[in-house]
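Participant: Chain residues, written in single-letter form:
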Amino acid sequence: MLLEANELVVGYGQCNLNDKPLNYSWDAGQLVCLLGPNGVGKSTLLRTIAGFQKPVSGNVFWQGSDPLKLQAHQRASMMAFVSPHSLSPPHMCAYEVIKLGRYAFTGWLDRLDQKDKLIIEEAIEQLEIRHLLSRNLDSLSDGERQRVEIARSLCQQAKILILDEPTAFLDLPHKVQLMQTLQTICRSKQICVLMSSHDLDLSLGWADQILLFSQFRQILQGIPEQLVLSGDILKFSHDAYQNWDLSSGYLKLTRKQTRSIVLKGQDSLHKTWTQRGLERIGYLVSESEMNNHAIVHIEINSEQELVKWCLSDKNQKHEFTSIELLLNHLQASNN
Amino acid sequence: MRNVSCFFILCLLFVALLVLDLRFGSVDIPFFEIKSYFLEGDTSKKTWSVILGEIRIPRILTAIMAGAALAISGLFMQTLFRNPLAGPYVLGISSGASLGVALWTLFGFVTYSGGISGQLICAAIGSVTVFSVILLFSRYIGDATVLLLVGFLLGTVTGGIVSLLVYFSNTTELESFLIWSFGSFGRVPKEQLSLFALGIGLPILVSLPFCKTMNAFLMGPQMAQSLGISLDRIRMLLILLSSSLAAVVTVFCGPIGFLGIAVPHLCRAVFRTQNHFILIPACIISGASFCLLSDLIAHWPSSQLKLPLNAVTATLGAPIVMIAILQGNRKGQR
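Chains as they are written, first to last, in the numbering used here: chain U, 1 to 335; chain G, 1 to 334.
Hints were generated in silico from the structure; no laboratory data involved. Predicted, not measured: the structure shown is a model, and the values here were computed from it. Hints are supplied without guarantee of correctness; some may be wrong.
[What the hints assert, rightly or not] Only some residues are given here: those of chain G computed to face chain U with a beta carbon under 8 angstroms:
{"#": "1", "residue": "R82"}
{"#": "2", "residue": "A197"}
{"#": "3", "residue": "K212"}
{"#": "4", "residue": "L218"}
{"#": "5", "residue": "Q225"}
{"#": "6", "residue": "L227"}
{"#": "7", "residue": "G228"}
{"#": "8", "residue": "R268"}
{"#": "9", "residue": "V270"}
{"#": "10", "residue": "R272"}
{"#": "11", "residue": "Q274"}
[Unchecked claim] Here are the computed distance ranges between Cβ atoms for each label pair:
{"#": "12", "chain 1": "U", "residue 1": "R130", "chain 2": "G", "residue 2": "T145", "range": "32 to 40 angstroms"}
{"#": "13", "chain 1": "G", "residue 1": "Y140", "chain 2": "U", "residue 2": "Q74", "range": "24 to 32 angstroms"}
{"#": "14", "chain 1": "U", "residue 1": "T258", "chain 2": "G", "residue 2": "T145", "range": "52 to 60 angstroms"}
{"#": "15", "chain 1": "G", "residue 1": "L85", "chain 2": "U", "residue 2": "K54", "range": "30 to 38 angstroms"}
{"#": "16", "chain 1": "U", "residue 1": "Q74", "chain 2": "G", "residue 2": "I161", "range": "46 to 54 angstroms"}
{"#": "17", "chain 1": "G", "residue 1": "L205", "chain 2": "U", "residue 2": "P37", "range": "47 to 55 angstroms"}
{"#": "18", "chain 1": "U", "residue 1": "S57", "chain 2": "G", "residue 2": "Y140", "range": "44 to 52 angstroms"}
[Stated by the list, open to error] A short, non-exhaustive set of chain U residues, derived as facing chain G with CB atoms under 10 angstroms:
{"#": "19", "residue": "A50"}
{"#": "20", "residue": "G51"}
{"#": "21", "residue": "Q71"}
{"#": "22", "residue": "H73"}
{"#": "23", "residue": "S83"}
{"#": "24", "residue": "P89"}
{"#": "25", "residue": "G107"}
{"#": "26", "residue": "S153"}
{"#": "27", "residue": "Q157"}
{"#": "28", "residue": "D164"}
For each residue, glycine too, the CB sits at the ideal point set by N, CA and C.
Assemble the whole structure, with the sequences as input and the hints as a guide.
Facilitator: Below is the structure:
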């Protein structure tokens, strides 16, 4: 096994973070996500597995060897760690940071050979950060910086990649892109990726294994689908996930809906988003006609690519050419 | 390319200052006489040869070495603490030396047995004591900021004791101590120059293989650990090298303020880099040039006026730090 935890208890001094000792083993090619609310010890577990912190009891093994007994430079060639807390000293450009990934493999003059350069190029390609290379670190946004750091960690070419909240500062497309990249690397390079996250959707979509942390010092492991089907993900997790929609896999938006409206028309993107718009401004939307309820009818003329929203309410009829006008009208008449 | 031209300009500046410092002083010696001193080993006037050989050249060599050492020491401290206000003396090295010298002079040893070398030994004992205490602490204190605070407090305690000693001393003792505390490049006897050079050359040489580590260390402890750096080892090494450089200079020249903080900032601003492979040579040349300039000003050309060295370095150094900080801020806002 590439990565093993044996009767592991983590924590600081008197304060243990898990009651039951942890026994895990993860193989190459697996992407493992740690999920849970703030302050339950995700980072502590990651740091312990990374060998930066002594476990309270038990052991961690990387390919059978204890990281605490390895030399610092041996560790660097087996494990790369991405922390959310690294600094941005002035006058340091992104390329210099990426280059640091080869630290353990260059001589004291820090010269890169052909192989080092190829590895750096590959990491730059994978994270699509070529345009950032000459930028100073302190001029990058948090998300850009994070991608630079992940590129650095890839340059270490370690068998174990540990990332503490890598998606925290990224925008949604980059989050998805990063998960995709991590999965690709995980599979193609046959490495084990361990990451913590707050993004339930992403973790369920990409992880091979999930470690679910509860607020009650318990940790549950399973494949994402099993955790959902057994209901553990709702039972075990904290309040924030209670609104989570099992059938779609996304967070359900719960709103106060005080008024009702009927929405008609053929199924289309326009209908879906009209429904979302109506829900957003506080309508409970139904399909079947009911008494005394206003009706919105969407007419799509596909030949001219024209869309019309017709509102019939108490014998009044209005027509709108855009969804914005419709929603504005409804909001204005309600006030 | 930028680096090469910056180095070229720095070297030109260094050579110019070197020649000017040889040329001017309380006695002006013409350029061609200096040339003939170096080429033929003598000048047309006996006194000029003596002034050059016995006073100016040892003093200038001391200035060059002290400048290089303090700038490097400051650079290492700033790297270690990742704090722009760190300098060679933040860990209390100079306060330790002052306490040693204060104890020596203020207990009435001024007139006793050849003053200078006694001062030297006391300064050495003082700074090495503080240095050892800091090293001892650094084994148990993982947090660099706490160490900085301990150094500061240690300096305050020794400073307090020095004030007490000063309060109870008489005028001659006080004057002798004050003169020491102003700092000077003229105190290293010709015979001890090689010892001084060894004390400065060795730590700088030892530091060279660690440039790469220092570059990576700047990114914070977590990244450094991930890259395969033993944090304890690099911390210890930086404290050891930086403090020994500061101690050697303080012992031989007295406390020379501000240069150690100012020069690394200046180099970073000029070279626009954090790369120690560039910063170390840059600090050596700029530190040496800075000391030559201070020495030139302290021995005001063509006059008997001698200014206290520390006053000169501080008045030169403070504006430099100010400009560097303001420049940095302006860049941050852009």
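Participant: Which earlier hints can't be squared with this structure?
Facilitator: Result: hints 2, 9, 18, 27 break, sorted rising.
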